[in-house]
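This is what each chain is made of:
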Amino acid sequence: MDLNYTTEQTAFRAEAREWLAANVPPSPLPSFDTEAGFQAHREWEAKLYEGRWGMITWPEAMGGRGADLIQWLIFEEEYYAAGAPLRVNQNGIFLLGPTMMEYGTEEQKQRFLNGMATGKDIWCQAWSEPNAGSDMAAIRAKAELSEDGKHYIVNGQKTWSTRAVWADWAFGMFRTDPDSQRHKGLSFILVPLDLEGITVRPIPQLDGLPGFAEIFFDNVKVPVDCLLGESGQGWSVAMATAGFERGLMLRSPARFQQTAKRLVELYKENQASADLDPAVKKAVVKAYMDAEAYTLSTYQTACRLVQGGKIGAESSTNKIFWSELDRDMHATAMSILGARAELLPHAPQAGGVANWLDGWLFSQSGPIYAGTNEIQRNIIAERMLGMPR
Amino acid sequence: MDLNYTTEQTAFRAEAREWLAANVPPSPLPSFDTEAGFQAHREWEAKLYEGRWGMITWPEAMGGRGADLIQWLIFEEEYYAAGAPLRVNQNGIFLLGPTMMEYGTEEQKQRFLNGMATGKDIWCQAWSEPNAGSDMAAIRAKAELSEDGKHYIVNGQKTWSTRAVWADWAFGMFRTDPDSQRHKGLSFILVPLDLEGITVRPIPQLDGLPGFAEIFFDNVKVPVDCLLGESGQGWSVAMATAGFERGLMLRSPARFQQTAKRLVELYKENQASADLDPAVKKAVVKAYMDAEAYTLSTYQTACRLVQGGKIGAESSTNKIFWSELDRDMHATAMSILGARAELLPHAPQAGGVANWLDGWLFSQSGPIYAGTNEIQRNIIAERMLGMPR
Amino acid sequence: MDFTFTEDQLLFQESVREFLLNEVTAESIRKLWDTESGRSDQLWTQLAELGLTAMTVPEEFGGLGMNELDFVLIAQECGYVALPAPLVHQALVAVPTLINMSGDNADALKAQWLPAIAEGSAKVMVGLEVNMLVEDAHIADLLIMQHGQQLHALTPAQFTLQFNESVDPSRKLYSVEWTASAETLIADGDAAQQLIDGAMDRGALGVAAESLGLSQRMVDMAVTYTADRQQFGKPIGSFQAVKHLMANIAFKLEYAKTPVYRAAYTIAHKQQSSSVNVSHAKLAATEVGQIAARNTMQAHGAMGYTWEVDLQIFMKKAWAYNNAWGLVAFHEQRIADFVLSDSAVIGAGNTFV
Amino acid sequence: MDFTFTEDQLLFQESVREFLLNEVTAESIRKLWDTESGRSDQLWTQLAELGLTAMTVPEEFGGLGMNELDFVLIAQECGYVALPAPLVHQALVAVPTLINMSGDNADALKAQWLPAIAEGSAKVMVGLEVNMLVEDAHIADLLIMQHGQQLHALTPAQFTLQFNESVDPSRKLYSVEWTASAETLIADGDAAQQLIDGAMDRGALGVAAESLGLSQRMVDMAVTYTADRQQFGKPIGSFQAVKHLMANIAFKLEYAKTPVYRAAYTIAHKQQSSSVNVSHAKLAATEVGQIAARNTMQAHGAMGYTWEVDLQIFMKKAWAYNNAWGLVAFHEQRIADFVLSDSAVIGAGNTFV
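Protein chains in written order, with numbering that gives the first Met the number 0: chain S, 0 to 388; chain E, 0 to 388; chain R, 0 to 352; chain H, 0 to 352.
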């Protein structure tokens with residue numbers, strides 16, 4: 000065990016910090032759940048790509064830096080500490096990208112990865128269906144091979160597609176064998192969202208913004224070269240993606256450390272009134288500890304993986320931990336803000352509420368998406384502890 | 000709504016208070032989980048009977064006072080406030096007694112109720128079996144009618160019989176129809192514990208004392224007149240008893256109010272050190288509130304029942320509420336006591352720990368016995384909220 | 000000792016519930032979100048016709064002369080439908096404030112406003128400092144405003160408003176600009192403080208009662224949703240984890256109701272314990288509101304996170320009520336002050352005094 | 000940056016685990032409850048033969064010269080079997096206190112005691128005021144006692160003991176009567192305070208590491224029990240409510256481990272953050288211990304409430320550790336003092352400094 004960064008790691012951090020200091024927009028971009036905000040974030044992706052900071056874990060040949068997980072953690076720390084924008088293309092870069100590098104053909108990699116990296120193509124997921132949420136194997140949307148074998152004819156409905164409203168492409172699972180059941184007969188298919196027969200219906204979130212969408216497919220002709228991996232093997236391909244999703248790449252400890260830090264600052268600014276409720280100080284201390292613990296455990300996992308280890312039940316334990324931590328931290332902030340907590344930031348009397356309310360709303364979704372915490376607890380009990388099904 | 004006591008109720012309270020002041024032993028009796036303590040508690044039952052305070056809800060003709068539930072609540076308040084001993088015969092008086100009045104023959108009432116009332120016969124339950132705990136319908140202990148029809152031949156094993164070690168009689172359910180399944184074919188039978196073939200094996204509790212026991216039956220001949228209710232109808236008879244058990248009679252709000260009061264006192268005595276953990280004061284306030292809420296709701300239910308209403312899901316909601324309240328209050332006391340919390344009262348450095356540790360240990364059993372809180376939550380969801388099984 | 004409501008009280012509650020369920024649907028609430036005032040004159044007229052605006056107004060002023068206990072079940076029903084109208088505020092806060100007023104202008108004020116309130120032709124709102132903002136000030140015909148240890152009465156010409164948008168689109172919150180003057184003064188010193196304290200307690204009682212209704216509604220919605228919604232081949236409501244999410248609301252809700260009813264009773268009977276009782280009621284009921292919001296959100300899955308699902312109507316109001324009419328810390332401290340005082344008589348036998 | 004243990008450290012942990020699981024059974028622990036001292040010389044000899052008493056003793060004194068980080072996995076295993084012997088205390092508290100001693104008598108003390116500790120022929124315990132009582136004082140050949148801002152060394156002739164019975168029959172706690180004198184004094188002032196602070200931190204680290212093991216053991220026992228125990232026709236471990244009781248321990252336990260390892264590392268490397276890191280480790284690990292005790296008790300049903308079931312061996316120790324080596328309030332305050340100080344550098348990128 001050596002908890003010091005190497006000279007190279009320290010230099011890498013300095014390089015990242017310098018670039019971010021020079022390039023991060025001075026004021027926050029508008030929400031990417033608005034059209035203008037989406038465009039602004041797309042441009043930010045392009046800028047990241049130019050600086051080779053967009054997909055640092057990708058190979059250098061693809062515009063990345065071949066960074067290992069420790070470097071990735073360092074970069075994330077600098078990224079969040081700099082207050083840089085959220086990643087509008089995270090589904091592409093962190094989920095589909097690595098999956099494509101593993102399962103894609105050479106032609107597919109050539110065709111898709113660069114557009115993904117530059118922000119030209121923004122990707123969304125098309126996984127859940129109205130009756131296949133937690134139970135992904137219940138997928139019914141069909142993709143039938145045309146008679147000439149050149150296209151899949153896609154029919155059905157997907158839902159909860161985050162950032163699908165203005166995205167360019169979707170990736171998801173479709174039933175290519177109409178007689179198949181559950182996990183079998185599914186294929187992983189990439190779909191350009193401008194094809195005829197596709198309707199994207201925005202779903203407004205709790206904050207009123209269309210953060211996700213339903214996608215309807217009505218005899219959509221998708222070229223067969225959009226199949227990723229083998230036909231009927233969609234479940235294995237998707238599970239690789241789900242592993243990434245629940246795993247490290249999207250739940251950067253840096254995000255929660257910055258929230259904990261802001262919570263400490265909020266508490267200090269309001270200490271006199273906050274201390275009237277003795278639970279608040281305790282909760283602030285706990286927020287700091289838990290964000291630290293999440294960071295420590297992520298580093299440990301990253302070190303293990305860098306040394307060739309495999310990811311285990313961490314993807315379930317960490318899902319529960321960060322999502323409940325995030326909700327708890329925001330609940331504490333709401334307590335500190337008191338009567339102001341319910342106000343939108345532009346309300347005349349909202350002074351100092353910052354974006355805590357937005358964060359509180361968003362934190363409600365944490366225990367639900369990417370596999371509800373109830374499902375994660377089942378997984379821990381059954382797979383990690385070996386309890387009977 | 001009228002939250003004032005009537006003149007009669009106030010007079011009743013005064014009478015109870017006076018009698019208790021004159022009769023409650025000046026220092027606590029030894030635990031009834033010891034032989035000497037059991038005997039002392041039996042004598043206390045006799046004294047209560049003499050004063051007609053033993054079974055106040057029983058009819059006057061049976062030595063009671065025909066008290067209604069409001070009077071019972073008032074008496075319990077005075078009883079706990081006076082620091083009177085726990086009731087060693089509660090299984091008899093509060094569970095079996097009312098059941099016998101409903102299901103017993105005239106001869107059985109004559110034979111059993113007086114001995115129960117005077118403390119001559121102390122009763123224990125013989126319900127659970129090694130593989131029939133939460134799932135009572137899984138009972139396997141058999142009671143087969145002898146060829147001459149005069150006896151049941153009882154074989155099998157019962158467990159978790161509270162205070163069975165020195166009790167005189169047991170009541171419980173036995174399978175009288177050997178081919179029956181689940182809830183059917185069970186009968187409610189009364190068993191004198193001095194019969195040949197009965198072995199009582201004490202089970203020491205967490206505190207080391209034999210608070211409950213296993214009872215083994217090896218061809219025990221129980222006279223047929225010990226059948227309560229009809230043969231094969233044991234489940235209905237037992238459910239009446241279980242309703243009482245989970246219901247009002249054994250979970251007096253007064254008990255929890257007195258614990259909350261003692262917790263407030265403990266906190267005040269140790270306020271300087273206790274306040275170092277800001278959660279403690281909050282927990283003390285909550286203990287007071289929750290004990291009040293339990294009292295208020297019990298009064299409401301009692302008033303409803305007095306007016307002819309029926310008991311509903313209260314027996315499940317109150318089981319969860321009082322047992323978790325009791326555990327929480329004792330956990331708070333342990334926090335206040337700090338390094339002393341683990342010490343037994345006779346330890347030289349234990350000053351001021353009183354019986355909090357005993358209470359803490361006992362509170363561990365609350366969420367388990369009389370139907371685990373998991374089972375109670377199922378009942379609330381399914382029966383009160385109508386959720387699908 | 001009788002801790003039950005009368006048949007009449009329960010029947011009236013039922014008829015009000017029926018009316019509200021028919022008239023105040025999620026659809027009608029969403030329609031009001033798109034209007035400028037967010038309030039409906041027509042709905043107010045209907046409430047007046049039902050006698051609800053007159054309930055707490057004394058008979059001599061054309062009202063029904065009922066008290067806080069009579070009204071508490073109605074407030075609960077208002078919460079159940081998330082009523083987008085200041086009925087609870089007016090009946091529990093404004094009307095008693097007017098009634099309890101004394102001094103030179105008191106009789107004139109009562110005579111002018113109470114009959115109008117009762118018949119539904121005027122709305123009076125109260126602005127206390129504890130709330131920072133005044134709900135529904137934009138539709139008030141008279142505003143009674145706290146100014147330190149004074150109360151002032153203002154007609155619309157005497158104040159200007161700024162809208163403050165809440166996460167709950169049904170809440171209409173305003174900061175009020177106005178100038179205190181001898182002309183607007185209606186109570187001062189101890190007399191004013193008593194009115195302010197009483198208004199505070201009644202306001203807290205109101206949101207406590209509404210929170211009971213909100214919580215019940217959220218549970219009912221989630222129970223229905225999870226009975227319909229299938230995953231892994233069965234309704235998700237049949238999974239133990241989902242059942243326990245609901246049971247954990249239901250059992251706590253039961254133990255929040257009686258504190259609210261007791262508080263209404265002790266306020267109505269002017270018992271000394273009423274402030275502590277109100278704080279207990281407010282804490283217990285709004286805590287259930289927070290748990291109900293969290294657990295029903297979880298039971299709804301991603302649906303709960305959408306604008307389309309009606310859960311948000313109730314959830315957001317429950318969140319707002321946690322910090323309205325006194326923060327958690329304020330109410331806890333009031334109970335602590337009582338419980339920890341040397342004169343407190345607590346323990347078995349001391350609940351009803 | 001490498002946050003993993005070496006192959007050697009993990010292999011040694013495994014061999015110690017294997018030894019302890021064979022030698023320190025629930026049966027052997029219960030046997031010791033019936034002895035007067037509650038301790039076994041034979042077991043101590045075995046521990047010494049394994050090299051465990053020598054681990055943290057410097058090589059120049061016949062030890063293995065290993066540090067707190069090397070030992071932390073061993074302490075975890077001691078918790079897993081609820082080792083009824085003061086190995087963790089001696090290796091993590093007493094030995095470093097002796098090592099870090101300076102001044103006139105220091106060299107003589109080290110030369111006298113460290114080799115004897117290493118070979119297993121002497122036991123040294125430390126009594127700090129934070130603990131009120133001294134564990135295992137009755138088998139100590141030397142007691143190092145805090146007296147305000149002084150440390151004194153006492154041989155058995157210089158103190159008398161009174162036994163204080165704990166809820167955990169394996170804990171042997173004593174109040175110590177003794178007289179401070181110039182003859183017994185071994186450290187004073189700042190030097191003593193540093194030793195006291197260091198002993199405190201290492202003691203807290205020890206119970207934190209043991210709590211990880213205790214929690215893991217309770218989970219393992221409950222998982223086994225609930226797989227066997229049938230109700231309603233299936234193992235109770237297949238019910239979602241029981242699964243979630245266990246999952247709630249397991250995920251929190253994962254997030255208590257790394258804080259403990261980090262604390263061991265920063266103590267071993269004398270980093271300034273070590274006190275705050277220890278407090279975090281202690282709070283996280285003992286909190287998991289409390290949750291594990293509660294949830295595994297519940298999963299065991301009535302069996303968990305008996306003397307016969309071995310769960311109590313681990314549960315009662317977990318309870319006791321919650322209040323040993325600094326109360327929750329003490330450790331929370333240390334973290335608050337750091338986090339809230341104006342000089343604190345927190346947030347992303349500041350975890351490893």
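Just to be clear, a hint being listed does not mean it is correct.
[As the list claims (entries may be wrong)] The following residues of chain E were derived to be distant from chain H, with all beta-carbon distances above 10 Å:
no. : residue
1   : A10
2   : Q89
3   : N154
[What the hints assert, rightly or not] Calculated lysine-lysine pairs in the DSS-like style (CA-CA distance at most 25 Å, straight line):
no. : chain 1 : residue 1 : chain 2 : residue 2
4   : E       : K220      : E       : K183
5   : S       : K285      : E       : K285
6   : R       : K233      : H       : K269
7   : E       : K220      : E       : K149
8   : S       : K119      : S       : K108
9   : S       : K281      : S       : K309
10  : H       : K109      : H       : K269
11  : E       : K141      : H       : K269
12  : R       : K269      : S       : K141
13  : S       : K141      : S       : K119
14  : E       : K46       : E       : K149
15  : E       : K119      : E       : K220
16  : S       : K281      : E       : K108
17  : E       : K183      : H       : K233
18  : S       : K281      : E       : K281
19  : S       : K281      : E       : K149
20  : E       : K46       : E       : K108
21  : E       : K267      : E       : K281
22  : S       : K285      : S       : K119
23  : E       : K281      : S       : K267
24  : S       : K183      : R       : K233
25  : E       : K108      : S       : K285
26  : S       : K108      : S       : K46
These are calculated hints, taken from the structure and not from any lab test. Glycine residues also receive a C-beta, built at the ideal position from the N, C-alpha and C atoms.
Each hint, compared with the structure:
1. A10: Check passes; 42 Å lies beyond 10 Å.
2. Q89: holds, 18 Å
3. N154: holds, 21 Å
4. K220/E - K183/E: holds, 22 Å
5. K285/S - K285/E: holds, 21 Å
6. K233/R - K269/H: violated, 57 Å
7. K220/E - K149/E: It holds: about 9 Å lies between the C-alpha atoms, which stays within 25 Å.
8. K119/S - K108/S: Given pair K119/S, K108/S holds - Cα atoms ~15 Å apart, limit 25 Å.
9. K281/S - K309/S: Given that 25 Å is the threshold and the Cα spacing comes to 36 Å, the pair is violated.
10. K109/H - K269/H: holds, 21 Å
11. K141/E - K269/H: violated, 69 Å
12. K269/R - K141/S: violated, 69 Å
13. K141/S - K119/S: Violated, because 28 Å separates the two Cα atoms, which is more than 25 Å.
14. K46/E - K149/E: violated, 37 Å
15. K119/E - K220/E: holds, 23 Å
16. K281/S - K108/E: With a Cα-Cα distance of about 59 Å, the restraint between K281/S and K108/E is violated, given a limit of 25 Å.
17. K183/E - K233/H: holds, 20 Å
18. K281/S - K281/E: holds, 12 Å
19. K281/S - K149/E: violated, 68 Å
20. K46/E - K108/E: holds, 22 Å
21. K267/E - K281/E: Holds. K267/E to K281/E sits at ~13 Å (cutoff 25 Å).
22. K285/S - K119/S: violated, 42 Å
23. K281/E - K267/S: Cα-Cα ~21 Å, so holds.
24. K183/S - K233/R: holds, 20 Å
25. K108/E - K285/S: Roughly 61 Å between the alpha carbons, so the hint for K108/E and K285/S is violated.
26. K108/S - K46/S: holds, 22 Å
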